[in-house]
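Participant: Here's the letter readout for the chains.
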Amino acid sequence: MGGKITCTLGEVKNRADFIVYWGGNPAECHPRHFSKYTLTQKGKFVPEGRKGRTMVLVDIRETPSARAADIFLQIRPGKDFEVATTLRALLKGQRVDEPSAIETGLTLEQMRDFVDRMKRARFGVIFFGMGLSMTRGKHMNSGAILTLAAELNAFTKFVCMPMRGHGNVTGADVVLRWTTGYPFGINLSRGYPRFNPGEFSTVDLLVRGDNDAALILGADPGATMPQPGIDHLARIPTIVLDPKVTHTSRLARVHITTAVTGISAPGTAYRMDEVPLPLRPALTSPYPTDEEVIRRIRLAVSRKPAWIPTPIETMTSA
Amino acid sequence: MLRITGGKVYDPANGIDGVIKDICIAGGRIVDTVEGGRTIDAHGTIVFPGGVDVHTHVAGGALNFARGLVPENQRVARKFLHTPKYRAGLGGATPTTFATGYLYAGMGWTTVNEAAVPILTAKHTHEELHDTPIVDKSCLLLMANNEIVLDLLEAGEQERARHVVAWLIWAAKVYGVKAVNPGGVAAWKWGKNASTLHDPIEGYRQTTPAKIIAGLAQIIDDIGLPHPLHLHCNNLGNPGNVATTIETMKVLEGRRAHLAHLQFHAYGGDDWASMRSGAAEVAEAFDAHTNLTADAGAILFGDAVTITADGPWQHMLHQLTGRKWGNLDVENETGCGIVPYVYRDRHLVNAIQWAVGLELLLLIKDPWRIFLTTDHPNGGCFWRYPEIIRLLMDVEFRKEQVKRLPEAAKSRIVLADLDREYTLSEIAIVTSAGPARALGLSAKGHLGVGADADVTVYPEKPDDGTLFSYPRYVLKGGEIMVEEGELRGLSEGREFIVHPAYDAGIEEYIRPLFQKVYTISFENYPVEMERLRHVELVGTDR
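First to last, the protein sequences are chains C and D. Under my numbering, the first residue of the first sequence is numbered 1, with each subsequent residue one higher. Under my numbering, the first residue of the second sequence is numbered 1, with each subsequent residue one higher.
In isolation and in its complexed conformation, chain C is listed as follows (with noise of 0.2 Å):
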């Protein structure tokens, strides 16, 4: 069990005739995906477009993105792992009980009708929203959708992928992997690399309150964290990156106004699917890029004394 299947978007265009949202709301969120991407689009293999391709949307509520779905699937909150489990016990052909899939929101029907059109999907791909990452279950809601692409690919193609948002996320995490060996989650303070997401993720380490700095970059986590990590982030010196004011930054003890990346300053983005895209700004700007802000206080710590014995200087030393 586990993995990832799946594939850049253009292959979603050019190719897929199924597409499954789930726990998401494309139509708000990421406005764009509809017409670029998934649905509109005329592809290589889908030449009439939007006709040529079956829309599902499975959620808890009926958000405006049910109105571009063929297909509507209102599932109980917190039944994910359920729904993602009974379809894969239905795609091996397993006894699934009515009354314990009743207890999901859909009926045993709905789930083998959705089971039977995915098999007969030409091409198939499931996006999915923290509707399913950040609720009960979290990454076990992940990894039984991952798994439910996977095994149909003993049927047909099918494919996966998170719909990742909040501006250059998917590049944080691409960079960390090349220089860590993770993408998130990650104590350096060994002096190497550790990984171990529930103990080093930001939010569990300003809710314990481990830390004792914060520097923020990118994000705005007093907008989105639980309360006792934002009441952390205001005990401790927290310095705060960001072109504007944020929830974060009036909290912070440091706030340094930096340029808009992709606007008045220069860099790379990594779309969802890992396609590096680089940034051309239209505008200059008076205040410094994230990057050079960064450099600098890199070079004004280089300068003071390691606050550890490091293995050379130990070396020469002993």
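Since the hints were made in silico from the structure, they are not lab data. Here the structure is a predicted model, which means the values were calculated and not measured. Some hints here could point you the wrong way.
To be verified - Here chain D is said to cover these stretches of chain C; the calculated rule only asks that three of the stretch's residues, wherever they fall, bring their Cβ under 8 Å from a Cβ of chain D:
{"hint": "1", "region": "7 to 14"}
{"hint": "2", "region": "154 to 166"}
{"hint": "3", "region": "275 to 283"}
Backbone N, C-alpha and C fix where the C-beta goes; we use that ideal spot for every residue, glycine too.
Take the given structure of chain C and dock chain D to it, following the hints.
Facilitator: The following block gives chain D in isolation, referenced to the frame of chain C:
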């Protein structure tokens, strides 16, 4: 200025075989003689040109996907501590970029060739290569499943295809072209594969894997790239694929090519139950085809992560092993699959694979055409090369290892009957001089005047008995990186790229095709020159 004195020099490209002579260095290159400067006393050592890895996977989207997929491997990997000079990182099967540079240099390898780059994410690959210190780098573009190129081959427009390929090479700022499972990855976009060479591939009427192979090899020769078509043959990993491999050699007649990780393409038998080594047949056919070079892609027992653009094979491996599976199809160009894997010496198939890698290295007669690789991290990690060198040089040790294999494996391999032992000079050929020549890097792989001063000095009688594990000195571009067995230097390393000629109008031919099937703007497709640092352009006149 620097002089290495008293060591036994092995420089096969210049016909020097264990002669005690001084190596003089000035301005980052080997020179005739120097006055003054530091002298390194190399008595009791052997002096080699720095190692050259002709086929490895150390950077880019696929490897980075793998890093994220195996945190449980990363956790037990070797740790690299942050110091004022060196970056933190992890070793293991999929090392972080900085650790990759330290590990290669620490082993005495100074040039690496990253073998699989999609154009769409080439920017990412170059960023990672820049973050891979010390070693010089080159990389190869994935081309055999690029639908714009395949459509041209289908239409019989070989000439236009040549200009498109040349334009794409320059757009991605790479050094050469790789073909992975020609046609098979394109078919995989529909969940299919291409395992026979002469049948049309999924979605095409005329185009067969054989036509793609011949067409691309011809294009590469016509463009005059320093490195020939770098080919991952069809039918990788399947019992009985010997026939496909030998047929591929016939298709390539009259053109240059490099066959990657030959071990994975040299299996006899009809299925997993009857699988046997096909190394003897492959070696015999390969010996007769002097237009070809190859690398071993040997496997070593232990942890590995299989990463390849061969998507259908990875789905198959996932179904065989039940291990987790990663897959990433790249629009209109290629794909990649990832499955973590453990090679076990008690496992019949793995035992045969282990033997086949060594058999190929021992059976192929001309060491200038077969090179040492593990297809890192597919067959084993690059930092385990010294283990293979020991197996090649020590027949008694090798035969001891064969005894550990399952009884059923012993009748299906020929390794126990091979008495050949590699000489030090032959090791220098398969690890450095040969791959440098195949890559067309004239300043690499030798210690003649004018060569890059990439020099590795190994103790002649190492304390632990394992030659090549811990070099005493490693020089890169004349600078000392490893001294007294310890990493002390640091440099950034260069990137080799080519700029082949193409018809200036070809861009306007590609633009509308691109805009129809891709999801980024055409202007964002090519890698900007500013993104690369320390670039060296290599000529395309061969």
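Participant: Taking the hints in turn, state whether each one holds.
Facilitator: Hint-by-hint comparison with the structure:
1. Coverage of the region 7 to 14 of chain C by chain D holds [criterion: at least 3 residues with CB-CB distance below 8 Å; count 7].
2. Under a criterion of three residues with beta carbons nearer than 8 Å to beta carbons of chain D, the stated coverage of the region 154 to 166 of chain C is upheld, 4 such residues being counted.
3. Remark: the region 275 to 283 of chain C is confirmed as covered by chain D, as 4 of its residues place a Cβ nearer than 8 Å to a Cβ of that chain, reaching the required three.
Checked against the numbered hints listed earlier, the structure breaks none of them; every hint is satisfied.
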